[in-house]
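Listed below, chain by chain, are the residues.
There are 2 protein chains.
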Amino acid sequence: MKKSLEKPNIINVEVVACSQLFTIEAVDLTFSNGVRRIYERMKPCDHEAVMIVPILGYNLILIQEYAVGLDSYQLTFPKGRIDFGENAFEAADRELKEEVGFGAARIEVLGKLTMAPSYFSHRMTIVVAEGLYERKLQGDEPEPLIIYRWPLDNLLELLNKPDFREARNVSALFMVREWLVSQGRLNY
Amino acid sequence: MKKSLEKPNIINVEVVACSQLFTIEAVDLTFSNGVRRIYERMKPCDHEAVMIVPILGYNLILIQEYAVGLDSYQLTFPKGRIDFGENAFEAADRELKEEVGFGAARIEVLGKLTMAPSYFSHRMTIVVAEGLYERKLQGDEPEPLIIYRWPLDNLLELLNKPDFREARNVSALFMVREWLVSQGRLNY
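One line per chain: the protein sequences are R and L, in this order.
Numbering-wise (the numbering used here), the first sequence opens with residue 1 and increments by one.
Numbering-wise (the numbering used here), the second sequence opens with residue 1 and increments by one.
Possibly wrong hints are sitting among the right ones.
Stated by the list, open to error - Computed cross-link-like contacts, EDC-like style, restricted to lysine to aspartate or glutamate with a CA-CA straight-line distance of at most 16 Å: (1) R:K43 x L:D71; (2) L:K136 x L:E98; (3) L:K7 x R:E141; (4) R:K7 x L:D163.
Claimed, not checked - Counterexamples of contact, computed for chain R against chain L with all Cβ distances above 10 Å: (5) V68; (6) E86; (7) N87; (8) E134; (9) G139; (10) D153.
Think of the hints as simulated: they come from the structure by calculation, not from any bench.
Cβ atoms here follow ideal geometry from the backbone N, Cα and C, with glycine treated the same way.
In isolation and in its complexed conformation, chain R is listed as follows (with noise of 0.2 Å):
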């Protein structure tokens, strides 16, 4: 049962598909027992996300916008890309102002989430975000996200939505509950 984690050794990787906003790569490697494999996977991205989980008196905040990947609307913390010269903290509170309408005058990070990383390189910092005040910055929102209020006393009944199931939206929640529980803002 025992054996080494001796990583497959790469040959080559070559793009095989490209569109606008995806590049897809075969890699071809050959594990330590000699298997040979050829694996897609989308292109290796420098860029990290940032998730940040709003908390406004006794509230937290999340957002509802229309997701293609299922063509439906989703309720989600607010979220994105960290830019080019930001750090997660800058991007979230950016984030934040674009999307949500706020500042935050504290944030603190949770944890590091990946996604299938059998297939993506994915990384997002999931913060959360405190001592809120009205800011707005012009986001890309195609149209006006609705902001919805969810109470801290009753939190993980938001997993009984079935707008609410998007695996980082989850384990955000937790991260966040356990963080209360932590600082003895919340019972279990």
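Fit chain L to the supplied structure of chain R, relying on the hints for placement.
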């Protein structure tokens, strides 16, 4: 702030790139306020997936497998596609036999997760598997997967491991913890 959730009108869907594994569509649509956009997404797929959280005695079982998206070994609960003609329970039992070498006498659904629905239609059912017995099925793994046990009484410490950060795995860990607590088998 309030507006009705009138879905955008999809005018055209066109395949713009295609590889062995991925088909990318450009979706031309008009939002209810008249704004027109073209969004790219992965072509929606009928196949759903399943992730299995196996419990054996006082341990969770995970596997370490190579993930080419991050070019590194990652800790993950066993998972896989639900094949044609299978339901989530049958797929879970098969994947567990292929990846871990166990069948399961009891499988229960913990929840459903999506993943980045702005781009993907991915849907994954999370199940917990108990009553495990040794039974190996041949899978398509290029090398034997390394089996990893993690004690139930130390559940959330798993989040401190840098190779356990995948959002569906993190969600599944929290979900099985809630399930165990709700049955009186674990305390927070």
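Hints, one by one, checked against the model:
| no. | hint | verdict |
| --- | --- | --- |
| 1 | R:K43 x L:D71 | 11 Å, holds |
| 2 | L:K136 x L:E98 | 6 Å, holds |
| 3 | L:K7 x R:E141 | 15 Å, holds |
| 4 | R:K7 x L:D163 | 14 Å, holds |
| 5 | V68 | 4 Å, violated |
| 6 | E86 | 20 Å, holds |
| 7 | N87 | 19 Å, holds |
| 8 | E134 | 13 Å, holds |
| 9 | G139 | 13 Å, holds |
| 10 | D153 | 16 Å, holds |
Consistency note: the structure conflicts with earlier hint 5 alone.
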